[in-house]
Amino acid sequence: MITLENITKTFQTKKQTAVTALNGVSLTVEKGEIYGVIGYSGAGKSTLIRCVNLLEPPTSGQVKIDGVDLTGLSKEALRNVRQKIGMIFQGFNLLKTATVYQNIAIPLKLTGVKEADIDARVKKYLKIVSLEDKHNVYPNQLSGGQKQRVAIARALSHEPEILLSDEATSALDPDTTDQILALLHKINQELGITILLITHEMHVIQQICDRVAVMENGDIVEQGKVIDVYTNPKHLTTQRFVDSIFPSQIPASIIKDLEQQGPIIDLTFVGDAADRPSLSVISKKFAIETNILSGNIVQLKEQPFGKLRAHIKGAASETNQAIDYLKNQGVQVSEVKSIDSIY
Amino acid sequence: MTAFIERWGSTIVEATFATFQMVTISLVFSIIIGLPLGVLLVITRTGTGNKRWTYRVLNIVINTIRSIPFIILLFALLPFTRVLVGTSMGVRGVIVPLVIFTAPYLARLMESALLEVDRGVIEAYQAMGIKPIQIVWHVMIREAKPSIILGVTIALIGLIGATAMAGLVGAGGLGDVAYRFGHVRYQPEVMYVTIVILVILIQLIQSLGNTMSAKAKKD
Ligand SMILES: Nc1ncnc2c1ncn2[C@@H]1O[C@H](COP(=O)(O)OP(=O)(O)O)[C@@H](O)[C@H]1O
Ligand SMILES: [Mg+2]
Numbered sequence: 001m002i003t004l005e006n007i008t009k010t011f012q013t014k015k016q017t018a019v020t021a022l023n024g025v026s027l028t029v030e031k032g033e034i035y036g037v038i039g040y041s042g043a044g045k046s047t048l049i050r051c052v053n054l055l056e057p058p059t060s061g062q063v064k065i066d067g068v069d070l071t072g073l074s075k076e077a078l079r080n081v082r083q084k085i086g087m088i089f090q091g092f093n094l095l096k097t098a099t100v101y102q103n104i105a106i107p108l109k110l111t112g113v114k115e116a117d118i119d120a121r122v123k124k125y126l127k128i129v130s131l132e133d134k135h136n137v138y139p140n141q142l143s144g145g146q147k148q149r150v151a152i153a154r155a156l157s158h159e160p161e162i163l164l165s166d167e168a169t170s171a172l173d174p175d176t177t178d179q180i181l182a183l184l185h186k187i188n189q190e191l192g193i194t195i196l197l198i199t200h201e202m203h204v205i206q207q208i209c210d211r212v213a214v215m216e217n218g219d220i221v222e223q224g225k226v227i228d229v230y231t232n233p234k235h236l237t238t239q240r241f242v243d244s245i246f247p248s249q250i251p252a253s254i255i256k257d258l259e260q261q262g263p264i265i266d267l268t269f270v271g272d273a274a275d276r277p278s279l280s281v282i283s284k285k286f287a288i289e290t291n292i293l294s295g296n297i298v299q300l301k302e303q304p305f306g307k308l309r310a311h312i313k314g315a316a317s318e319t320n321q322a323i324d325y326l327k328n329q330g331v332q333v334s335e336v337k338s339i340d341s342i343y
Numbered sequence: 001m002t003a004f005i006e007r008w009g010s011t012i013v014e015a016t017f018a019t020f021q022m023v024t025i026s027l028v029f030s031i032i033i034g035l036p037l038g039v040l041l042v043i044t045r046t047g048t049g050n051k052r053w054t055y056r057v058l059n060i061v062i063n064t065i066r067s068i069p070f071i072i073l074l075f076a077l078l079p080f081t082r083v084l085v086g087t088s089m090g091v092r093g094v095i096v097p098l099v100i101f102t103a104p105y106l107a108r109l110m111e112s113a114l115l116e117v118d119r120g121v122i123e124a125y126q127a128m129g130i131k132p133i134q135i136v137w138h139v140m141i142r143e144a145k146p147s148i149i150l151g152v153t154i155a156l157i158g159l160i161g162a163t164a165m166a167g168l169v170g171a172g173g174l175g176d177v178a179y180r181f182g183h184v185r186y187q188p189e190v191m192y193v194t195i196v197i198l199v200i201l202i203q204l205i206q207s208l209g210n211t212m213s214a215k216a217k218k219d
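As you go down the protein sequences, you meet chains B and U in turn. UniProt numbering numbers the first residue of the first sequence as 1 and each following residue consecutively. UniProt numbering numbers the first residue of the second sequence as 1 and each following residue consecutively.
Only chain B is shown next, with the shape it has when bound in the complex (with noise of 0.2 Å):
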């Protein structure tokens, strides 16, 4: 559905610097998917975001959308392609000095929606995000988390085949986020748009994604499916990432003492295996104690992953028995050292 190939984009600057923004791209996002993109600040996401609808046309490579590349049209073809790419942004973007009503009402007028059709058009998407009450209302009247509905209904009334989300959530709270992400969800998968989204929070990626890239300094370093990535990060920001949403505070100090009676391994569980007791079962089983340092669980789009970070204390023979049994469990399991623990 949308194809990016080779982007580059450099940014000339006043004083004859260039930055270079995005280092020969490619990003393929498949019909009916929900497509983030997760990277630092600075990395390149909005850029490459905009280069989809070439709000900022990239200095080479090729944007395609259903097979056409946009970098070759005319003026007029682009409007008419864009017209059918919705995109929300981190701030609204709404008219303040329109209703909500009018804030959906006039770009359907604008790009030529007959009068016949625009209320019905304005009612009909208010309703999908839940703000039929608030026709007349002003922006400023409302919250955030109501402005990114209205801006999302906006972008919905064209009936777009794409929504692009340029960090849509950043400015709201947890709840809020997760109210907004839920409407994501659910655009997808009843009006079977396809979404595009940037973003610099793992929990946007984990609650809705079904793929990732993972951004830096303007290249894509790892891409694949979210369970995939969560589990088996390769490159070391996709590892940071994931790590940040197992928080975990252990002294260096203490990993190190703990070091002298026994492993910490992190265990990392997917699916069904994060569901088992899987470690009481082998403190009973094997002639070892264990101890919980640190854990957590989340649920992914498709199913729970979870990490654990445990002491085992016992012979070094029962230990490694017990590692065994875990892997056979399908848990998997690494031990960490106090000279790599990043905590």
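There are no misleading hints in this set.
Subject to a maximum C-alpha distance of 27 Å in a straight line, what follows is the list of computed DSSO-like cross-link-like pairs (lysine-lysine):
| hint | chain 1 | residue 1 | chain 2 | residue 2 |
| --- | --- | --- | --- | --- |
| 1 | B | K75 | U | K131 |
| 2 | B | K123 | B | K186 |
| 3 | U | K217 | B | K123 |
| 4 | U | K131 | B | K109 |
| 5 | U | K218 | B | K109 |
| 6 | B | K134 | U | K215 |
| 7 | B | K134 | B | K84 |
Some chain U residues flagged as far from chain B (calculated, every beta-carbon gap over 12 Å):
| hint | residue |
| --- | --- |
| 8 | T2 |
| 9 | F17 |
| 10 | I33 |
| 11 | I43 |
| 12 | V61 |
| 13 | I195 |
| 14 | L201 |
| 15 | Q206 |
Restraint-style ranges between C-beta atoms, simulated for each label pair:
| hint | chain 1 | residue 1 | chain 2 | residue 2 | range |
| --- | --- | --- | --- | --- | --- |
| 16 | U | N50 | B | N136 | 42 to 52 Å |
| 17 | B | D275 | U | G120 | 41 to 51 Å |
| 18 | U | S207 | B | S41 | 45 to 55 Å |
| 19 | U | R119 | B | D178 | 22 to 32 Å |
| 20 | U | G120 | B | Q299 | 26 to 36 Å |
| 21 | U | G120 | B | K123 | 24 to 34 Å |
| 22 | U | G158 | B | G192 | 50 to 60 Å |
Hints listed in this document are in silico derivations from the structure and should not be mistaken for laboratory results. Here the structure is a predicted model, which means the values were calculated and not measured. Where a beta carbon is used, it is the ideal one built from N, C-alpha and C, also for glycine.
For this one, chain B is given, so just place chain U with the ligands on it according to the hints.
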């Protein structure tokens, strides 16, 4: 009091009317020229190539005109005015210099008003595939309306000040009455009355401008 009204009433009413006439006509033309110029300044501001040159030229022209005091502009433009409207005297003759004086000022005020408009909203409209000209009208000018109204109010008050010099080319007006009768023929009451009228007028205009601007803000 009655004697004063009998002696000066019609002169002052006439002068007030002349001021109104000059100000209204000049303001309308100044907006017709100044608002599009302001838009042009904003959309050429960050461009390259042609856009860049348009901005530079406009910038220099506007700054040049704005550095000339009205009284000098009035005389400097005499030949141009005569060619353009057939006369350089009377209300007709003073409109041209008033507009040339006010339009660049208004253009600057419009520029700063339009620059306040959130770039993000403009982008959102570009992303929806809406034509640039429609974005100018339905986003930029619409959203800037509160500041545009305040800008027009400021320009209007400046314009009233400039019309005081219209008497120099025989266009009459309140300033002319204050000068000719109040100063030259030494009738201080006439001067004071025109001052009071001007003060009240300016107060009213500013309050009206503030109210309309606040109303346009919608928050
Ligand atoms: N219009 C611009 N002009 C110059 N540099 C820019 C511009 N937009 C983005 N950049 C630079 O490109 C890099 C990537 O920015 P951006 O795509 O906004 O990152 P992100 O959204 O991941 O935080 C940054 O170094 C930023 O300073
Ligand atoms: Mg960004």
